[in-house]
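One letter stands for each residue in the lines below.
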Amino acid sequence: MGYLAQTISRFESELLNDWIEGLRAKTIRRDSNADNELDRQCGQWLKALKIAAENGQTQDIETRQWDDVRHLLTEISDKRARQGFSPMETANFVFSLKQPLFERLRIVLAHDPVVLAENTWSTSTLLDRLGLFTIEIYQKTREQIIIRQQQELMELSTPVVQLWRDVLALPLIGTLDSARTQVVMENLLQKIIETGASIAIIDITGVPTVDTLVAQHLLKTVAAARLMGADCIISGIRPQIAQTIVHLGVNLEDIVTKATLADAFLVALKRTGSTISYSQDR
Amino acid sequence: MERIPILKMGKLLLVTIQVDMHDRLAMVLQDDLTNRIVSDRARGVLIDISALDIVDSFIGRMISNTAAMARVLDAATVVVGMQPAVAITLVELGLALTGVRTALNVEKGMALLSENLGEGHG
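Chains as they are written, first to last, in our numbering: chain A, 1 to 282; chain B, 283 to 404.
Here chain A stands alone, though its shape is the one from the complex:
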């Protein structure tokens, strides 16, 4: 049995208390729920560490005997990333074990300074590795969250609505990049098939800037809709955007453009043979 495992098993409860105390001193937000959870996490993890360190191998944490330790760390780090802990707070979970653990190691190995130095070093590297592992998991979880949010945003921001018989509207919000254009195009074409619409109004009031790339994406969408037999009207062009489009030399001349969605809707109604009028008493 390695000195690390010996030290932990001899001073387990003291070690746990000191560690948790150290952790609590550094946390700003505290409530009883979080405290209970911290107790549980620390207790479980220290036990797992003791078992893993039993055969003295502390160099490689990727081996099977460290499975439990890594698994628990993953769980803790994952949870903390979701709860909005900072990376520092998350890494401190492992690093704050150093001080109490080294104190106990000194007591156990007081008689032999050379062995003490060796063990302090190996334990330190071990905890560093575990700390880095924690950070890595934290990072991965955050990345997953970001990717998921991106996907949600993409789905949220591309609705195709039916305004009238044969008339669809596509209110675009946010910048158009190639990935979004693809989604927008697919949604629009699918909806054209479903509803048999012959006119689609693309409203770009919510598009902050129109550069050549965005314009190209718009033109692509219009061309694809036309291939399916639907005409497109682009509406919601703000004065600044009209200026930019002309300055950039983007050619929108083959497409009907209107300043507001209302104007575009009137054109669409006329083309589909519908009329709209106010009732008598107004």
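Quick caveat, the hints were computed from the structure, so don't treat them as lab data. Only a predicted model underlies this, so the values are computations on that prediction, with no experimental measurement involved. It is possible that part of the hints are untrue.
No farther apart than 30 Å at their CA atoms in a straight line, the calculated lysine-lysine pairs in the BS3-like style are these [claimed, not checked]:
1) K220/A - K270/A
2) K191/A - K140/A
3) K140/A - K98/A
4) K390/B - K220/A
5) K191/A - K390/B
6) K270/A - K290/B
7) K47/A - K26/A
8) K98/A - K47/A
9) K140/A - K220/A
10) K258/A - K390/B
11) K140/A - K79/A
12) K26/A - K191/A
We have chain A; now place chain B onto it with these hints.
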């Protein structure tokens, strides 16, 4: 040899592509269609590609060329029933088929053509 049938409906010709288009088939179709427009004195051509799942740049150009040829022979062409995936592919290939009229399905394409022919006579 495999051929795509061309059906005559009054003054219109109806072409329904039901098989996978390969290059030779496309060339034969182009040949047949121009011949039929002349021999049947057709005024309109309706090409239904709703069963076509895959297009490449060659087929795209062939559709565009066929429409241009028909126009030279004074027959209006409407391409109907394009699948969304096909439309996106063509646009990404840079083939927007400008100059080809399109409609969502055969019914709408027919309406478009008859409207066109009516105008021509009146």
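Taking the hints in turn, this is what the structure says about them:
1. K220/A - K270/A: 25 Å, holds
2. K191/A - K140/A: With Cα atoms ~37 Å apart, K191/A and K140/A exceed 30 Å; violated.
3. K140/A - K98/A: 25 Å, holds
4. K390/B - K220/A: 23 Å, holds
5. K191/A - K390/B: 17 Å, holds
6. K270/A - K290/B: 34 Å, violated
7. K47/A - K26/A: Holds, at roughly 23 Å.
8. K98/A - K47/A: The hint holds at about 16 Å.
9. K140/A - K220/A: Not OK: K140/A and K220/A at ~36 Å, beyond 30 Å, violated.
10. K258/A - K390/B: Between K258/A and K390/B the Cα gap is close to 26 Å, so the pair holds against 30 Å.
11. K140/A - K79/A: The given pair, whose Cα atoms are some 12 Å apart, holds under the 30 Å limit.
12. K26/A - K191/A: Violated - the C-alpha atoms of K191/A and K26/A are around 55 Å apart, more than 30 Å.
Checked against the numbered hints above, the structure violates hints 2, 6, 9 and 12; every other hint is satisfied.
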